[in-house]
Amino acid sequence: NAGVTQTPKFQVLKTGQSMTLQCAQDMNHEYMSWYRQDPGMGLRLIHYSVGAGITDQGEVPNGYNVSRSTTEDFPLRLLSAAPSQTSVYFCASRGGQGAGGRAYNEQFFGPGTRLTVL
Amino acid sequence: AQSVTQPDIHITVSEGASLELRCNYSYGATPYLFWYVQSPGQGLQLLLKYFSGDTLVQGIKGFEAEFKRSQSSFNLRKPSVHWSDAAEYFCAVGARSYQLTFGKGTKLSVIP
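Protein chains in written order, with the numbering used here: chain B, 1 to 118; chain L, 1 to 112.
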């Protein structure tokens, strides 16, 4: 298993450009999430998905779009990048409820994408 | 709304000394509680988690944490710190583990 993979690892954009951060997992996990990490702020939830075709907003969703057409992939789209979106982005996934109800509640994080918007 | 406070931004300890990292949370019921560690330039690794049951939980790398409901705390401890433990540590809370609220982190430096 590759676990959670993210591409690219680094990206520099100009203000107003668009791009998609890719996230994929090969663990057949139902739940996937996007976080951003800024210095001194910890991680903040952007969007999450509880299954294919189902997404919802987290704490800081403005400026980002997501979709979940397959179980494996959960891309994050920046339609018009702004300097305030300079950050490190982490994708995470989690399995569903297993035997005993909470057997698969651990989230697995990808290695992150470092995005700079000039 | 749920929230997490890690009061210590930066802690420095000598190698071999004991360690306690503080975490206080705000949540209406018993939440899921996690401690993650992040080495520079790396992703997050789960150290331990608490869902229910025994309030003292053991994790990887010799870490443990104690859930104290009366104090709304979930402090991380290690009896003897190694130089390789130098990293940033994050406490997280949530009703669902895919909707976590993270603290701002505590950076641990270890003096040889």
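Keep in mind that the hints are not guaranteed to be accurate.
[Stated by the list, open to error] Think about it this way: if two alpha-carbon atoms lie no more than 25 Å apart in a straight line, the pair counts; the simulated DSS-like pairs of lysine-lysine are:
#, chain 1, residue 1, chain 2, residue 2
1, L, K104, B, K9
2, L, K107, L, K61
3, B, K9, L, K68
4, L, K104, L, K61
5, L, K107, L, K68
6, L, K104, L, K68
[As the list claims (entries may be wrong)] Pair ranges (Cβ atoms, derived):
#, chain 1, residue 1, chain 2, residue 2, range
7, B, D26, L, G53, 29 to 35 Å
8, B, P39, L, K61, 31 to 37 Å
9, L, S84, B, L118, 35 to 41 Å
10, B, N28, L, W83, 45 to 51 Å
11, B, T7, L, R96, 22 to 28 Å
These aren't lab readings, by the way, just hints derived from the structure by calculation. None of the values given here were measured: they were computed from a predicted structure. Just so it is clear, CB atoms sit at the ideal spot from N, CA and C, and this is done for glycine as well.
For a quick check of understanding: which of the numbered hints are violated here, in increasing order? 3, 8, 10
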